[in-house]
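Number of protein chains: 2
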Amino acid sequence: RILSPPSDSDANGIMSRAKVLTIDTMNPTVKKVEYAVRGPIVQRAVELERELSEGMKKPFAEVIKANIGDAHAMGQQPITFFRQVLALCSYPELLSDSTFPEDAKSRACRILQSCGGNSMGAYSASQGIDSVRQDVARYIERRDGGVACDPDNIYLTTGASDGIVTMLKLLVCGEGTTRTGVMIPIPQYPLYSAALAELGAVQIDYFLNEEKCWSLDITELQRAVNEARQYCNPRALCIINPGNPTGQVQSRQCIEDVIRFAAKERLFLMADEVYQDNVYAEGCQFHSFKKVLFEMGPEYAETVELASFHSTSKCYMGECGFRGGYMEIINMDDEVKDQLTKLLSVRLCPPVPGQALMDLVVNPPQPGEPSYGSFIKERTATLSALAEKAKLTEQVLNTVQGISCNPVQGAMYSFPRITIPEKAVKEATEKGQQPDMFYCMKMLEETGICLVPGSGFGQKDGTYHFRMTILPPTDKLKILLNKVKEFHQRFTQQYS
Amino acid sequence: RILSPPSDSDANGIMSRAKVLTIDTMNPTVKKVEYAVRGPIVQRAVELERELSEGMKKPFAEVIKANIGDAHAMGQQPITFFRQVLALCSYPELLSDSTFPEDAKSRACRILQSCGGNSMGAYSASQGIDSVRQDVARYIERRDGGVACDPDNIYLTTGASDGIVTMLKLLVCGEGTTRTGVMIPIPQYPLYSAALAELGAVQIDYFLNEEKCWSLDITELQRAVNEARQYCNPRALCIINPGNPTGQVQSRQCIEDVIRFAAKERLFLMADEVYQDNVYAEGCQFHSFKKVLFEMGPEYAETVELASFHSTSKCYMGECGFRGGYMEIINMDDEVKDQLTKLLSVRLCPPVPGQALMDLVVNPPQPGEPSYGSFIKERTATLSALAEKAKLTEQVLNTVQGISCNPVQGAMYSFPRITIPEKAVKEATEKGQQPDMFYCMKMLEETGICLVPGSGFGQKDGTYHFRMTILPPTDKLKILLNKVKEFHQRFTQQYS
Ligand SMILES: Cc1ncc(COP(=O)(O)O)c(C=O)c1O
Ligand SMILES: Cc1ncc(COP(=O)(O)O)c(C=O)c1O
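Protein sequences, first through last, are from chains A and B. Note that the UniProt record's numbering numbers the first sequence so that position 32 is 32, with each residue one more than the last. Note that the UniProt record's numbering numbers the second sequence so that position 298 is 298, with each residue one more than the last.
Read the hints as simulated data drawn from the structure, not as lab findings. Here the structure is a predicted model, which means the values were calculated and not measured. Keep in mind that the hints are not guaranteed to be accurate.
When chains are identical, the list treats them as one kind, so a pair holds in a single copy or across two.
[Unchecked claim] As a list, the in silico DSS-like pairs of lysine-lysine whose alpha-carbon atoms are at most 25 Å apart:
hint	residue 1	residue 2
1	K423	K169
2	K337	K31
3	K19	K337
4	K423	K212
5	K32	K169
6	K31	K169
7	K105	K426
8	K57	K391
9	K442	K342
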């Protein structure tokens with residue numbers, strides 16, 4: 001038993017005392033966490049921006065960050081109505097300002113009346129403001145063609161990220177071969193792998209089918225779960241629909257099959273539906289897991305455990321900085337629900353401005369209200385521009401030899417496959433870099449374009465990709481796509 | 001090896017399928033979490049409020065929640081300047097509104113210029129907005145009489161809670177007798193015990209000295225760490241100053257002694273300074289750990305690892321709902337810092353409105369600026385009212401036989417010791433309740449006053465306390481204190 005502190009402090013004097021917290025003595029699960037969307041390539045991009053601003057010469061005039069789904073940062077304008085209500089909630093003296101529309105004022109009053117002391121500065125209930133949860137429930141009912149939604153099943157969150165991590169946290173238990181395993185798509189949004197690493201859960205990969213437009217095959221799910229049962233206890237299945245980074249939109253049939261699979265294999269379903277309004281391709285439509293589940297009848301509707309996630313960060317509003325979101329939880333055991341509420345209470349509450357914004361997203365201006373016209377106009381403009389950019393991206397990328405890009409059916413990203421010449425793969429390997437990281441780093445240094453290598457999301461061995469957002473304004477996106485094209489051709493030539 | 005899902009689904013048909021996630025199969029560390037500030041007593045208070053609103057007869061007309069440090073919920077008004085800037089940032093069209101003061105506009109412009117796309121809707125850097133971190137650093141330098149502060153050491157957080165949990169997370173490692181132990185004061189703010197339970201770290205209690213006004217004795221720290229070395233690896237020491245729930249303000253000498261102790265015992269220091277502006281008692285003054293550390297010379301200033309925490313939730317602003325906060329980190333190993341940044345990046349960023357608010361707190365109106373006068377007036381009014389209420393609370397409670405209350409030197413709470421008659425202790429025990437929980441529940445049912453029992457914060461065995469905020473408006477506080485007095489007398493009589 002150690003009865004005194006480690007002794008180098010005594011022996012060598014305090015000045016040479018080793019640090020308490022070092023890379024060798026820190027939490028080992030934290031070390032395993034990786035998060036490519038803000039990884040080394042983005043750090044280099046920030047450096048390059050600083051170098052440019054300090055007048056250093058570069059082969060490009062600006063860094064274009066197409067690495068993250070951050071719409072406002074790319075110039076998208078916020079919805080006027082949302083911001084009016086937020087201003088009114090922040091500074092209620094404005095309620096007597098006649099330039100604000102009446103519907104904005106009435107929304108603001110409703111939100112403030114549900115806040116302690118009528119102030120966004122009060123903590124809310126840990127599960128979120130009651131009236132916001134009610135509005136979310138009504139939104140879900142409308143969205144799902146009348147399928148009932150109980151506000152008690154709604155939990156407001158600090159962005160969808162918070163909800164996802166919290167649900168995963170509840171699910172983790174066991175050791176060794178009974179350790180919780182969680183199935184995630186590959187390619188995935190790296191929040192999932194990061195959270196699983198931190199929680200010490202087992203990541204079970206199922207591969208999306210790139211040849212079939214990144215669709216989900218039940219046979220692949222079956223393969224993955226069968227293999228995983230050899231070494232862990234698979235307990236949850238995560239689906240991202242529409243997909244990030246892959247941009248596919250799941251068919252209704254496929255969702256039904258997934259639900260049946262989850263029921264058969266006894267898996268808790270987690271449906272990440274933060275891109276539910278981002279569907280562009282003709283013939284594609286968003287179907288919520290909740291709706292499909294309930295349409296499958298009580299055998300499923302009353303048994304399959306489902307958590308679904310939404311956020312203020314994506315869709316047409318793109319309000320990432322407010323960290324708003326919610327999760328809906330279906331068929332969760334009552335005792336576990338109590339534990340969830342308790343766990344959330346430790347962090348006190350999600351940010352109230354984010355809750356207010358979530359309220360506006362689920363309860364936007366209605367026909368007949370003064371702000372309805374401008375709201376619809378702004379929303380439509382943003383979504384049509386995204387649809388156009390989705391198409392443009394796919395088209396231009398597919399003109400490049402050595403790049404092949406599935407249709408961007410939804411979400412905000414293209415995830416094209418790229419051919420990397422042998423010689424480049426070899427050079428990367430010698431550098432200890434993933435070949436697509438090598439490729440993206442080179443692109444960044446030569447063109448100023450910041451993308452995320454496919455290896456950050458996971459991909460089939462021997463295939464290479466990058467993820468590029470479709471968010472830059474159309475004219476900038478065109479320039480960007482052309483630069484990517486030229487770079488790819490140059491790179492291919494250089495390493496052939 | 002399990003090769004198929006647990007079989008009750010097959011044997012009994014899907015309808016009777018047991019749940020995937022139950023109290024027995026959920027994360028066991030989550031089950032261990034407790035958080036009294038929002039525990040059963042608060043749930044009952046919410047129920048009572050609903051019953052009242054439904055017209056049910058009660059021995060009181062309203063529920064008064066003195067359980068949580070939530071100033072706005074208790075009627076405290078926000079600082080006008082802060083809310084003006086937030087409204088401007090939310091809806092920048094207001095920048096052309098001549099009714100807003102120029103200094104509010106220039107602050108809003110500065111914040112927006114540091115946001116991606118000039119919008120609070122963009123994700124910020126994970127560590128927080130650069131210019132806000134710079135403002136925080138300058139604030140700390142002013143506060144600490146010129147001791148240097150590097151913005152690179154500042155991390156903006158989602159309330160102080162987020163920073164505290166994140167730091168604890170980094171520190172946890174080892175198993176069995178090498179498992180990380182963390183020293184926390186008893187009584188404590190229960191975020192600490194909750195986070196340690198969830199992380200599976202060992203909680204090491206050191207007791208504050210109630211007889212000496214809840215002061216901190218180094219001999220008690222020494223006792224605690226010596227004993228703990230028998231069964232774990234003590235790595236961190238948490239201090240809450242000014243204290244929650246205990247309201248004491250640490251002397252400069254004591255802080256120096258604590259730092260020396262941490263250096264000697266090789267402990268990472270965590271200083272929770274969210275109440276740094278809440279100091280009321282004459283002769284008391286807030287001293288930051290950072291300042292004292294640097295005044296102790298390089299032997300300490302260059303070696304002792306320190307994280308200190310601040311928040312927008314307390315002090316004179318009380319903006320809890322915005323979830324703003326920061327931590328400053330001193331002498332942290334560079335590699336660990338990289339790991340910290342990476343870990344934070346998974347959650348993308350703290351809420352931007354909370355960051356903006358933090359910026360205003362550290363960079364309020366200056367002499368000569370148009371809003372300076374009203375800012376000072378509002379701040380002074382709030383802080384003087386708090387000082388008055390701190391005194392009032394102590395005085396009234398000390399008139400009650402069987403209640404004894406230390407001076408409320410700082411923070412927002414009184415934590416009086418209460419005598420609970422033997423008979424009441426017995427009845428509580430039979431009910432399986434802590435005696436002070438029994439007492440507080442009874443008070444809630446009879447008077448509508450919602451307090452938190454001392455057992456939720458920890459206390460010496462055989463002593464009982466409750467925590468009561470000093471936040472209700474003065475007239476309401478007087479009524480409340482009288483009701484507490486009457487209740488205590490009735491309770492004592494009933495059980496004597
Ligand atoms: C699939 C997916 N889920 C969740 C998130 C988290 O978003 P937020 O936490 O901002 O709501 C993102 C963000 O990009 C995402 O792409
Ligand atoms: C001592 C102490 N630390 C930290 C916190 C967390 O506050 P927040 O997360 O709202 O900043 C509180 C809240 O009451 C507290 O009392």
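Going through the hints against the structure:
Neither within a single protomer nor between protomers do K423 and K169 lie at most 25 Å apart by alpha-carbon distance, with minima of 43 Å and 43 Å respectively. In this assembly of identical chains, the alpha carbons of K337 and K31 lie at most 25 Å apart only when taken from different copies (11 Å versus 31 Å within one copy). Only between protomers do K19 and K337 lie at most 25 Å apart by alpha-carbon distance; the minimum there is 13 Å, versus 41 Å within a single protomer. Neither within a single protomer nor between protomers do K423 and K212 lie at most 25 Å apart by alpha-carbon distance, with minima of 29 Å and 74 Å respectively.
Both within a single protomer and between protomers do K32 and K169 lie at most 25 Å apart by alpha-carbon distance, with minima of 16 Å and 13 Å respectively. For the homomeric pair K31 and K169, the shortest alpha-carbon distances inside one copy (18 Å) and between copies (11 Å) are both at most 25 Å. Taking the shortest Cα distances, K105 and K426 never come within 25 Å of each other, neither inside one copy (62 Å) nor across copies (55 Å). Taking identical chains as interchangeable, the C-alpha atoms of K57 and K391 are never at most 25 Å apart, the minima being 34 Å within one chain and 64 Å between chains.
For the homomeric pair K442 and K342, the shortest alpha-carbon distance between copies (23 Å) is at most 25 Å, but the shortest distance inside one copy (48 Å) is not.
Taken one by one, the earlier hints fail for this structure at numbers 1, 4, 7 and 8, listed in ascending order.
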